[in-house]
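Residue numbers (the UniProt record's numbering), protein chains in the order written: chain A, 1 to 96; chain B, 1 to 96; chain C, 1 to 96; chain D, 1 to 96.
Hints in this document: simulated from the structure, not taken from any laboratory.
Nothing here was measured: the structure is a model prediction, and the numbers come from that model.
Treat each hint with caution, since some may be false.
No copy labels: a pair is met if it fits in one copy or bridges any two.
In silico lysine-lysine, PhoX-like type, Cα no more than 25 angstroms apart, as pairs [said to hold, decoys possible]: (1) K22 x K32; (2) K22 x K59; (3) K22 x K93; (4) K22 x K91; (5) K91 x K37.
There are 4 protein chains.
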Amino acid sequence: MVIADIAVMPLRPYGSEEEMYKVVDRCIELIKESGMKYEISANSTTVEGDLDSVFELAKRVHSLPFELNCERVITIFRIDQKQGGITIDEKLKNHR
Amino acid sequence: MVIADIAVMPLRPYGSEEEMYKVVDRCIELIKESGMKYEISANSTTVEGDLDSVFELAKRVHSLPFELNCERVITIFRIDQKQGGITIDEKLKNHR
Amino acid sequence: MVIADIAVMPLRPYGSEEEMYKVVDRCIELIKESGMKYEISANSTTVEGDLDSVFELAKRVHSLPFELNCERVITIFRIDQKQGGITIDEKLKNHR
Amino acid sequence: MVIADIAVMPLRPYGSEEEMYKVVDRCIELIKESGMKYEISANSTTVEGDLDSVFELAKRVHSLPFELNCERVITIFRIDQKQGGITIDEKLKNHR
Chain A
1 MVIADIAVMP LRPYGSEEEM YKVVDRCIEL IKESGMKYEI SANSTTVEGD LDSVFELAKR
61 VHSLPFELNC ERVITIFRID QKQGGITIDE KLKNHR
Chain B
1 MVIADIAVMP LRPYGSEEEM YKVVDRCIEL IKESGMKYEI SANSTTVEGD LDSVFELAKR
61 VHSLPFELNC ERVITIFRID QKQGGITIDE KLKNHR
Chain C
1 MVIADIAVMP LRPYGSEEEM YKVVDRCIEL IKESGMKYEI SANSTTVEGD LDSVFELAKR
61 VHSLPFELNC ERVITIFRID QKQGGITIDE KLKNHR
Chain D
1 MVIADIAVMP LRPYGSEEEM YKVVDRCIEL IKESGMKYEI SANSTTVEGD LDSVFELAKR
61 VHSLPFELNC ERVITIFRID QKQGGITIDE KLKNHR
């Protein structure tokens with residue numbers, strides 16, 4: 001198991017914040033539908049899964065806004081992997 | 001109000017994960033003591049505050065590991081600001 | 001000396017890429033005028049300076065788009081610090 | 001074409017900076033061998049390629065340190081994609 005953060009930023013063209021959030025919400029839906037454990041934070045969504053699956057998911061989430069007529073997307077994808085595996089619960093055990 | 005993520009990575013010298021986490025936990029304590037609203041995620045901690053305060057906090061959190069004998073620190077600090085202000089609750093209103 | 005990356009993303013409202021780049025170019029100008037050593041990459045600009053100065057610069061660069069009528073800005077600021085100091089040249093000595 | 005930044009941080013176990021840099025240098029070698037256009041910066045390496053290829057490369061680069069006995073790796077992977085494509089040269093045309 002690895003832990004990964006996905007933050008998708010659809011940059012253009014958005015006349016309003018609402019349009020932009022609608023796209024981000026669709027990206028979050030895709031993460032939910034993946035079946036992976038996930039946690040939504042203000043600036044990114046954290047998922048827990050095997051390395052191949054999280055890379056595949058990040059690529060699909062990054063690509064989705066273009067199907068919704070977005071013209072420019074910047075995605076930040078951060079992967080934390082430990083020999084032997086790591087989980088969200090383990091990493092946060094001192095803080096929950 | 002701005003929303004900011006702080007992720008401090010103390011790189012060296014750590015013979016064990018425990019030593020490294022002890023330093024990260026101290027960084028999180030500093031954030032808690034700031035009095036700002038915060039949310040702890042697996043890969044970073046999100047805070048909500050005015051721009052000057054979150055920059056000041058990020059600098060102090062980044063600097064703390066050196067007082068604990070850390071030799072190398074990489075910090076990722078992400079700031080999300082909206083004209084008129086933004087809050088964690090507002091940003092997550094569709095997801096909680 | 002610390003090494004820091006600054007990536008400013010002015011999100012809204014931009015009808016065209018040109019308007020958005022104009023804002024980013026102004027941010028890069030501010031970095032050039034700082035007098036710090038800098039290197040411009042495709043996705044961010046790297047600066048070398050003391051910790052207080054790079055934090056102060058990052059805050060000013062992040063704030064500039066709002067003076068240019070931008071409505072939403074996300075900035076990613078990454079700081080790499082080593083006990084005893086580190087420079088861009090030292091870090092890249094094997095690669096240039 | 002998309003532009004992507006890859007920053008691999010091998011966290012443990014490193015008694016010295018030299019050991020850590022040796023691993024990072026091997027990661028950079030892998031990027032060079034990919035045949036993609038690349039630019040090495042102080043905190044990350046930027047590559048230009050099609051979306052599938054850059055994701056595949058990022059996964060391989062992230063995985064390499066574990067073959068070199070690293071115990072913990074955090075990788076930051078940032079993708080910038082524009083409808084119709086974008087290149088490093090186009091993005092930096094005002095700055096070179």
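Exercise for review: Find the hints from earlier in the document that the structure breaks and name them by number, from lowest to highest.
Suggested key: Structure breaks no hint.
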